[in-house]
Every structure is written in C-alpha cells, then in structure tokens.
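There are 2 protein chains.
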Amino acid sequence: MAEQKKMVEAITPMEEDFAKWYTDIVKKAELMDYTSVRGCMVIEPYGWAIWENIQHILDQRFKELGHENVSMPMFIPESLLNKEKEHVEGFAPEVAWITMGGNEKLQERLCVRPTSETLFCDHYAKVIHSWRDLPKLYNQWCSVVRWEKTTRPFLRSVEFHWQEGHTMHETAQEAEEETQRMLGVYADFCENELGIPVIKGRKTDKEKFSGAVATYTIEAMMHDGKALQSGTSHYFGDGFAKAFNVTFQGRDNSICHPFQTSWGMSTRIIGGIIMTHGDNDGLVLPPAVAPIQVIIVPVAQHKPGVLDKAQELRKRLKKAFRVRVDDSDQSPGWKFAQYEMKGVPLRLEIGPKDIEKNQCVLVRRHDRQKIFVPLDQLEQAVAEQLEQVRKGMYEKALARRESMTYSAKTLEEFKKIADSKPGFVKAMWCGDLACEEKLKEVAGVSSRCMPFEQEHIGDTCVCCGKPAKTMVYWGKAY
Amino acid sequence: MAEQKKMVEAITPMEEDFAKWYTDIVKKAELMDYTSVRGCMVIEPYGWAIWENIQHILDQRFKELGHENVSMPMFIPESLLNKEKEHVEGFAPEVAWITMGGNEKLQERLCVRPTSETLFCDHYAKVIHSWRDLPKLYNQWCSVVRWEKTTRPFLRSVEFHWQEGHTMHETAQEAEEETQRMLGVYADFCENELGIPVIKGRKTDKEKFSGAVATYTIEAMMHDGKALQSGTSHYFGDGFAKAFNVTFQGRDNSICHPFQTSWGMSTRIIGGIIMTHGDNDGLVLPPAVAPIQVIIVPVAQHKPGVLDKAQELRKRLKKAFRVRVDDSDQSPGWKFAQYEMKGVPLRLEIGPKDIEKNQCVLVRRHDRQKIFVPLDQLEQAVAEQLEQVRKGMYEKALARRESMTYSAKTLEEFKKIADSKPGFVKAMWCGDLACEEKLKEVAGVSSRCMPFEQEHIGDTCVCCGKPAKTMVYWGKAY
Chain A
1 MAEQKKMVEA ITPMEEDFAK WYTDIVKKAE LMDYTSVRGC MVIEPYGWAI
51 WENIQHILDQ RFKELGHENV SMPMFIPESL LNKEKEHVEG FAPEVAWITM
101 GGNEKLQERL CVRPTSETLF CDHYAKVIHS WRDLPKLYNQ WCSVVRWEKT
151 TRPFLRSVEF HWQEGHTMHE TAQEAEEETQ RMLGVYADFC ENELGIPVIK
201 GRKTDKEKFS GAVATYTIEA MMHDGKALQS GTSHYFGDGF AKAFNVTFQG
251 RDNSICHPFQ TSWGMSTRII GGIIMTHGDN DGLVLPPAVA PIQVIIVPVA
301 QHKPGVLDKA QELRKRLKKA FRVRVDDSDQ SPGWKFAQYE MKGVPLRLEI
351 GPKDIEKNQC VLVRRHDRQK IFVPLDQLEQ AVAEQLEQVR KGMYEKALAR
401 RESMTYSAKT LEEFKKIADS KPGFVKAMWC GDLACEEKLK EVAGVSSRCM
451 PFEQEHIGDT CVCCGKPAKT MVYWGKAY
Chain B
1 MAEQKKMVEA ITPMEEDFAK WYTDIVKKAE LMDYTSVRGC MVIEPYGWAI
51 WENIQHILDQ RFKELGHENV SMPMFIPESL LNKEKEHVEG FAPEVAWITM
101 GGNEKLQERL CVRPTSETLF CDHYAKVIHS WRDLPKLYNQ WCSVVRWEKT
151 TRPFLRSVEF HWQEGHTMHE TAQEAEEETQ RMLGVYADFC ENELGIPVIK
201 GRKTDKEKFS GAVATYTIEA MMHDGKALQS GTSHYFGDGF AKAFNVTFQG
251 RDNSICHPFQ TSWGMSTRII GGIIMTHGDN DGLVLPPAVA PIQVIIVPVA
301 QHKPGVLDKA QELRKRLKKA FRVRVDDSDQ SPGWKFAQYE MKGVPLRLEI
351 GPKDIEKNQC VLVRRHDRQK IFVPLDQLEQ AVAEQLEQVR KGMYEKALAR
401 RESMTYSAKT LEEFKKIADS KPGFVKAMWC GDLACEEKLK EVAGVSSRCM
451 PFEQEHIGDT CVCCGKPAKT MVYWGKAY
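Those protein sequences? They're chains A and B, same order as listed. Position 125 (the first sequence) corresponds to 125 in my numbering; numbering is contiguous. Position 400 (the second sequence) corresponds to 400 in my numbering; numbering is contiguous.
Some clues are possibly wrong.
As the list makes no split between identical chains, a pair holds if one copy fits it or if it spans any two.
Unchecked claim - Taking lysine-lysine and the BS3-like style, the derived pairs with C-alpha atoms no more than 30 Å apart in a straight line are:
id: 1; residue 1: K63; residue 2: K27
id: 2; residue 1: K83; residue 2: K149
id: 3; residue 1: K126; residue 2: K27
id: 4; residue 1: K83; residue 2: K391
id: 5; residue 1: K309; residue 2: K370
id: 6; residue 1: K20; residue 2: K126
id: 7; residue 1: K353; residue 2: K208
id: 8; residue 1: K242; residue 2: K28
id: 9; residue 1: K309; residue 2: K409
id: 10; residue 1: K63; residue 2: K319
id: 11; residue 1: K63; residue 2: K309
id: 12; residue 1: K242; residue 2: K415
id: 13; residue 1: K318; residue 2: K63
id: 14; residue 1: K242; residue 2: K149
id: 15; residue 1: K242; residue 2: K303
In short, the hints are calculated from the structure, not lab data.
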C-alpha cells in the first residue's frame, strides 16, 4: 500500500523544477535515503546495485590493463597531508578531523582521507627501490570525505564512493600516457556502456586538481544544459615523489624520482545517468548497469498458464540477462508505471492472447517502442533490443548535447548565449586567468575543458580580444 | 635483486617465536605493510586479492539467500550511538571521534562507525511500515574503526574490512533462524572453502556483543593452540527496534517492533588462514581464495620449446583456473621457494625431459606430494589435485585441533592442562559469571563458546562443583 501511494504522487516535471525532478527520482526510484548525518546518504539496494555493476565493468578494465587493487588506511596524519604544499592548501579546508580516540585526545590530528595521494606516496617510498619495481599500477575502491557545505544526493556529498588509481612510472612520458589511457577508459565506459557522450579535454590551471601538473577530464551535459565533470585523470610529474622522497635506482644506477598519475570516477556518475537519460516518468537506465534489464509483467495473470509461461521465459532469459517477473497482486498498469520509474530498459508483457500466438511484447523504456517477438526468438530479440537501447540512448543524448552547444566570437554574443540558452559555449581563450574569472563574473560560467578536439572559432580571445591560444568549452556546472 | 635478498633471510620458525613467524609471513608474502597511521595497514595486492576472493564467494551466498547490499554512512552522530544503552557502553570507549569539519568545530561529535546497528536502525525506522516490508535483509561491505591499544596485522587493527549483515524480521523465530542460518554460512565457508575446521556455539553473556540477546560464534584453533573467533552472528530481539522506534503494522493491524539480527566476517579471517595452514616455508593458501592457484615454473627455460610449452599450458589452464607462468630470469630453485612462501596451492614444473615424455610435474604446497601428469590429462589432473588440496588441508587442520583438545573434570586437572598444553579445554560449567572469571584468573583462559554439539564430560561445574548447565570450550584467544 505504501508502494501504491508512492505511485499516485507523480514526480515533479523537469521543466517545472529541475532540482525537484532530480530529488524526486532519487527518492522514488529508491536509489538513496537521507540520514541523520549531514551530507551523508544511505545508498539503498537499487542504487547500490547500479554502483556494483559500474564497479564490475571498470574493475575488469583496470585489471586487464595491469592494475592491482589495494587498500590504504582511511586516515591521514596531519603531518603527512602537509607534505605537498599545493595539495594541502586545496584539501585542508574541507576535511573532517579526528581529534579523539576513545577518551583520549590524539597527539596528532588525523583527517579522514579526501583523496589518497599522500598515503600512496608514503607507501611507494617504502616499496619502490629500482626501475625494475616500476611501473606500480595500484587502484582502490573506497569512500572518501570532503566537508562540503551544500550537498546533493550522488552529485556532491560529504562522503562519496569512488575508485582512485595511483600509479608510478619510470619516465614522464609513460606517466603521461597512463593519464591519457585512463581518461580514455572513462570516456569509453561513459559513451559505450552508459550512453553518456563526453568531451575529453584538459582543465585550465584554475580548475585543475590541487598539486597536479595537469588534470584531464570528461565533461558530460545534463538535461538542463549544465556540465557534469564525470571522471578525471591527473598527471603529477615528480612533485609528490620529491615531497615524499620516493626514489628509485635508474637503469644507469642514478637515483631518480618516479612520475605519478592518479585518476578517479565516483558515485557522482549515478547522478550523471539520471540527469542524462531520465525523463518525467522516472529513471532510464543503460542496460550495462541496470540491476534489472528485463522486467516480465504477466497480463491477466490469474488466467491459467500465464504465470507459468512468465516463469518459463524468466528461466530462459536469466542465463544471459538480469531478469525478474513481477507476479505481485498489483495491476499491470501499476507495474508498468513502477518499472518505468525504476528505469528498467525492457519490459516484457505476456498474456493469454500472446501465449495463443506464441509471442510476447517488448517495450523499450527510453523511446517506448513496442516490438512483438515470436517466443522462439526471444533470447536473440532481447539481446538485439538491449543493443538498440544502448545505441539509442547514446544518440538521443548526443543529439541533445549538440543542439545545446553554441559558439561565441565576441563577449557580447557570449553573454547573450550564457544568459538565455542553457548549454555549452565554445569560445577562444587567451590563456589568462583574468579572462577566465571575468567570464565567470559576467556570464556565470566556468571553463569546462580545453578539448582535445579543437575547433577554430576565431583568432582572438572572446573576452579580451588578445591572440587566442586555445578553444575552451564553457558552461555552468554541477 | 631485492627479491633475492628477501629469500635469503628465512622466516623465523614458528616453534622459535610464533608471533615473529606470523609477522614474517604477512610481510614476506607481501600481504600487508605498516603505515604512518597507528594500527592501520596497507593491504597489498596479494593480500587484497585474497580478500576479493573471500568477498566474491560470501557475497554470492548472501545474495542467493535473498540479501541485498547497501551502503550506510561511515559516521554516527553521538546522539544516535547513545540510543541503545548497552551498545554505547560497549563501543564508546573505543571509537574515533570527529570534532572538526574543515576549520569549524562541530556542534555534535561524530564517531567513525565501529559497527552499524545504529545506522541501520535509523534507516529501518523510515522504510519499514508494514509486515509486508519484512523481512529486510541488508548487508554492506565496508571498513570500520575501533580504537584498539595493541594491534596486529589482520588480527586486530584500528581499521578493518568486513561485511556486516543487518536484518529485520516479523517474528522472533524468523530472526533466530536467520542468526543460525548465517552462522551456518560462515561455518560452511570456513570448513569447505578455507579448510578451517570450526566449532559452532553460543557465547556466554560475558563474551557476547554489546546490546545483543545472544551471540553465536565459530571458533577456530590456530597452530599455537589459541582460538580465533572467526565469524559471529547476533540475535537482538526487539531491543534496538524499541530504542530506535522501528515499528510496523502487523497482520492483525497492531503496531509491533520487528526482531533483528546482525552478522559479520572480517579480514581477520586472513590471519586465520595464515595461522591454520601456514608453515615454516611460508603461507599455504586454500585453492578457493588463492590469487594464484597454479604457478607454472619452466625448468631449463633457455632450452628451445620450454617457454612456448609453458605458455601453451597456461593458456589451457586459464580457462578454469587462476594460473601464471614465472618466466623471469631467477633460477627454478628461487622460484620454488618464492611461490612456497606465497602459498600457491599447486606448482607445475615443465622442462625438456618432461616435454619429451609429454608430461609435467605437479607439486602440492600443503604436503609436498609430487604427481607426474600426462599432458593430455592436465586440466582434469589440476582439478583433482586442487580438490585433494582442499580436503587435505581441512583434514590436517582437523587432526591437529583434535590432538590439541582436552577434557577436564576438576579444577586441578583444568589448571594443569591450561598451564602445560596449548589448545582447547572442554569442561562443564554452572553458568555463573564468577566461575568464568575465576577460570580466567587461575588458568588464563576465556570461554570460547557453549558448543551446539554438547558432550557430557561430567555433572558438575569444573570450577565450583555445583550442578553443571552446559559444556564449554575454554582457551586462550586472539
């Protein structure tokens, strides 16, 4: 009954209140719940199952590329955090501090890790001795804490789950290649598994990670035209290695510092899935990470043979797909709405008439397309339709991003677009922080990235008119 | 070369110094490393891979029994921890307290979760409304923190990894059945996958979990005769539910409190594997969780065809087993010692003479048995030998436990055994705390459990001579 009541309250349409639409979905699709701890959430079974699917795919890719999983402590002693100057300046204002253990005051404060470069370096200093020990390709799956003032489920929370890869290499070139390679893994995962088109590029110095030489990013566009930084990859040079005294004996016997990278993707991407694919009926999940890929809804299930047939189809499909039958007492209409809310990619309807014709109906969540399928071709049809869904979701998202991406040559034009049209603005930039800050001030946008795929919009900076160095994507961001 | 040096230093024999033997193994088999944070460790790739294998098996079993994974916050507000009186008394003295967020003092302290009953209850109070919402069968994989004074790798650390299942049921009977069922899952996993024989039983009130009505345990015996509590399962009645105001509408429309369980197994079990199966050459890993199940060592690998054959065998075996070839420049002897140290269950040797005879040699780690295998029967032979290893490891451990388990009828006899013979003592008990405390004082042992499989050792309490209520396993413990 609680369920039925839930379905009666429709979710807020996104056109009316996008933020409310978003939180309606995370709550009503039972992805998360709020807790007594400010900014921390319960990730409920349906939400966590999405994250487990994401973990499974990424973990496999990392391992195929030679990475090994480890586990570092969740605490960082203050003195360790302080070792790299830019890094501590970036993170110290937003960490949680442990000052008491039991009833005793600690001699040195510990922070809960906001990210683990310092811990990995501390360990690497002990285990790296020779060029033969390189590369070290470590990753960990964990949660980290950043004391954010304003939080939103999945998008920005005090505690969030992620993976953080931390690698050490013999040469700068190898480390830079790793940085690019892992950005490529993220981009491929987003586009081909999640159906989220992304722009790959480099962050400006203003937007880069504290302590990094270069930060690379994949930027996705949400329904409301705002950007979501969806994964990042950092190149550190040997800065941390020097600060932490990580050395190795090189091939020529000289003592060298290794070159470092780190890269991360977090539960934030679940927010990205919601805001890229969701609609006013709820969630729309990419098949690769959907906890249920096919929901079987029996029609007129009290009629003889219907439930048996539904179970028979489930047994056939479960060999290759994540499939469930809903044989509860709710009406088919209620079930349709329920699994649309939950974003299940394919609905399979089977009733007495279908059984007579030896067929069933498949309905795709993302475009409502209905397909009649002979039962003896079911496995093949489901595989084909899930592939259609995967492609279709990507194409739909890409078309929307393209329709909401603009170019500006002058500041006036830039401001007009930024004020009136949600989306990204492509514009040339001279490279000066002053112009970046001015665009924030006058147009409310930040630089999203300097894309690898550059376009020549003009010769001069859209802000100051001086010679341009690079084309930049600008936008409002989560 | 660092590797070679490591092999030259042998590990300390367990007969000489058991504690040193243990830490030698965890370090030299590269399971973990110490960190700058007191009592927290780095779990290195080889150690973490063991834990991932443990997770994989247990997670599958939990899910088959209908459990769902979730993620709760890592912090507990002080007021929430305080809600259940016995629970807070048990845990408050050993938690880490967050008092600052960034530069601001928090209005209310947060502790890092030592266990999550309070968080689950807080959530369950919101999501459980009707008997139709029950049972709730949730589990989470995470790390928890207990501010221990003395710590040892895997066995007792400030931060440790575990899973914690937390379930709510309509009736006391259902909850009690769940408690037993999950203890059974742990026992089966230990015995059949890890080769660790365990005694299933109930903890005395003195030894039970803070806030539980009853705590059940599986107790394993280590090489040195000490007990390792290897997994526990708690029945809470409706105590927490009342304290946290978790209610549901029953089938008769009355307002009821649900009945609760929790159960956990941790990275401690890795310590249990080491101390049950390890020997003076290093680790001995059960095939189910060994990161490498078969190590292929080419002999005279410079001779034509040897490395090719080794790789060919790897390709054949990798379809069903976790297998590697070590084709490094180290000598076969070095490699034999190295993978013995790492506890790899089977070594496959292949050299020119073997190739001529179309055979290879398999060597079992746990009993050094050598088997010559025709290459065309390789897959089958490896499967059979791994099964032999699994059984053999269990039987060896069981025989040792039996040879180190004693019965005592009088206090004098009890003291004599406890003083002179490492192992367990079975003895009758009247049920009084005073006797339990006296046995600790005079014989240095604690009650391990009141086993489900009771034996009649006598009619009277071994300590006070009053009528006995139950037979108890007593021993020194980790």
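Hint check results:
1. K63 - K27: between (34 Å within a copy, 24 Å between copies)
2. K83 - K149: Both ways: K83 and K149 sit 26 Å apart in one copy and 27 Å across, limit 30 Å.
3. K126 - K27: Answer is between: at 13 Å across copies they meet the 30 Å cutoff, but 46 Å inside does not.
4. K83 - K391: Cα proximity of K83 and K391: none, with 47 Å in one copy and 51 Å across.
5. K309 - K370: Answer is within; shortest intra-copy Cα gap is 20 Å, inter-copy 54 Å.
6. K20 - K126: This pair counts as between: shortest inter-copy Cα distance 21 Å, intra-copy 50 Å.
7. K353 - K208: neither (60 Å within a copy, 59 Å between copies)
8. K242 - K28: For K242 and K28, only the inter-copy Cα distance (27 Å) is at most 30 Å; the intra-copy one is 50 Å.
9. K309 - K409: neither (62 Å within a copy, 64 Å between copies)
10. K63 - K319: Both ways: K63 and K319 sit 25 Å apart in one copy and 17 Å across, limit 30 Å.
11. K63 - K309: So K63 and K309 pass the 30 Å test across copies only (25 Å; inside, 41 Å).
12. K242 - K415: neither (44 Å within a copy, 59 Å between copies)
13. K318 - K63: both (27 Å within a copy, 15 Å between copies)
14. K242 - K149: neither (33 Å within a copy, 34 Å between copies)
15. K242 - K303: neither (74 Å within a copy, 44 Å between copies)
The structure does not agree with the numbered hints 4, 7, 9, 12, 14, 15 stated previously, though it agrees with the rest.
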